[in-house]
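Undergrad: So you can see what is in the structure, the chains are spelled out below.
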Amino acid sequence: SQKIEQNSEALNIQEGKTATLTCNYTNYSPAYLQWYRQDPGRGPVFLLLIRENEKEKRKERLKVTFDTTLKQSLFHITASQPADSATYLCALEPPRDNAGNMLTFGGGTRLMVKP
Amino acid sequence: DGGITQSPKYLFRKEGQNVTLSCEQNLNHDAMYWYRQDPGQGLRLIYYSQIVNDFQKGDIAEGYSVSREKKESFPLTVTSAQKNPTAFYLCASSMFGAGNQPQHFGDGTRLSIL
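Here the protein sequences line up with chains A and B, keeping their order.
Its first residue numbered 1, the first sequence is counted upward by one per residue in our numbering.
Its first residue numbered 1, the second sequence is counted upward by one per residue in our numbering.
A hint or two may mislead.
[To be verified] So the derived label-pair ranges between C-beta atoms look like this: (1) B:N26 / A:A31: 25 to 33 angstroms; (2) A:T22 / B:I51: 46 to 54 angstroms; (3) B:D59 / A:S29: 16 to 24 angstroms; (4) B:A61 / A:S29: 40 to 48 angstroms; (5) A:V45 / B:I51: 19 to 27 angstroms; (6) B:P8 / A:G16: 35 to 43 angstroms; (7) A:K3 / B:N84: 20 to 28 angstroms; (8) B:S80 / A:P115: 46 to 54 angstroms; (9) A:Q81 / B:I113: 36 to 44 angstroms; (10) B:I51 / A:E54: 43 to 51 angstroms; (11) B:V52 / A:L11: 37 to 45 angstroms; (12) B:A61 / A:A31: 18 to 26 angstroms.
[To be verified] To spell it out: a stretch of chain A is covered by chain B in this simulated footprint if at least three of its residues, at any positions, have a beta carbon under 8 angstroms from a beta carbon of chain B; those stretches are: (13) 44-53; (14) 103-113.
No lab work stands behind these hints: they were computed from the structure.
Only a predicted model underlies this, so the values are computations on that prediction, with no experimental measurement involved.
Glycine included, each C-beta is placed from N, C-alpha and C at the ideal position.
Turn these sequences into a full structure, and let the hints steer you where they fit.
TA: Here you go:
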C-alpha cells in the first residue's frame, strides 16, 4: 500500500519568509497529488492539484512541485502571513483500476507563521 | 451556498450504544466518503460510496456501518463493536468518475466516550 510521509514536527517561520513543506511517498507513483489546508476543528480545504506529468503548479502565493524520480512533492507559500498558520495535508491519487476518486492522506505538517 | 453539512458537531457515546453521524451534501456529487482522523495521524478511510444504494469498505470499516439511500445523504453509524471510537470524523464528497477532482469536506463530528 502507499505510504506518505510528512514532517510531523511543526514548521515555525517568520512572516514574509517562504514556507516549504515536504511530502514523500513510497511504492507506486501517483497519477495525481493534492494539497489541502486544515484549520483546528475544521475539515480540510482543497488548495492545489498536480498531475504526474506536471513539474510545477502555481496559484497566487502557492507553488507545488512534483518530482516522480525522488517520489516527493514540495509545497511552498511565499510571503507567508500569520493567516497561513494551519496544518497542510498532502494526498495521493493512485492509478485507478476502478471508478472512483480514492485518496491516501499524509499525517500533515503544522505551519506556524510568526508576526 | 453549496457544501457539506455534518451533524452534530460533538457527540458522546455510552458503552454498548450505537450512534449515527449525519452527512448531507448539496453539491450534486455522486461519490461520498467517511474518514476518521486521530491526533497526529492522517485521514483513514472508513467507507465510501460512488453511487446511490452502493458502498464499499475502506481501510478501517470494522465497527462501522453506512447507508446511501439518497444521493445527498451518507450517514455513518458507529456501533458498539467499535471499541475505540473516540476520534474526529470527516465526511467528504467528490464528482463521480472524475479522478482528478478534489474532495470537499464537512467540518467534522468529534465523538467521545462517556
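Undergrad: None of the hints should be skipped; say for each whether it holds.
TA: Hints, verified against the model:
1. B:N26 / A:A31: 25 to 33 angstroms: holds (29 angstroms)
2. A:T22 / B:I51: 46 to 54 angstroms: violated (36 angstroms)
3. B:D59 / A:S29: 16 to 24 angstroms: Since D59 (chain B) and S29 (chain A) have Cβ atoms about 21 angstroms apart, the given range 16 to 24 angstroms holds.
4. B:A61 / A:S29: 40 to 48 angstroms: violated (27 angstroms)
5. A:V45 / B:I51: 19 to 27 angstroms: At 25 angstroms between Cβs, range holds.
6. B:P8 / A:G16: 35 to 43 angstroms: holds (41 angstroms)
7. A:K3 / B:N84: 20 to 28 angstroms: holds (22 angstroms)
8. B:S80 / A:P115: 46 to 54 angstroms: Because 48 angstroms falls inside the window, the suggested range holds.
9. A:Q81 / B:I113: 36 to 44 angstroms: About 39 angstroms separates the Cβ atoms of Q81 (chain A) and I113 (chain B), which means 36 to 44 angstroms holds.
10. B:I51 / A:E54: 43 to 51 angstroms: Distance hint for I51 (chain B), E54 (chain A) is violated at roughly 30 angstroms.
11. B:V52 / A:L11: 37 to 45 angstroms: holds (42 angstroms)
12. B:A61 / A:A31: 18 to 26 angstroms: Taking Cβ atoms as reference, A61 (chain B) and A31 (chain A) lie about 25 angstroms apart, which means the hint holds.
13. 44-53: Three-residue rule met by the region 44-53 of chain A, so holds; n is 5.
14. 103-113: It holds: at least three residues are needed, and the region 103-113 of chain A offers 6 whose Cβ sits within less than 8 angstroms of chain B.
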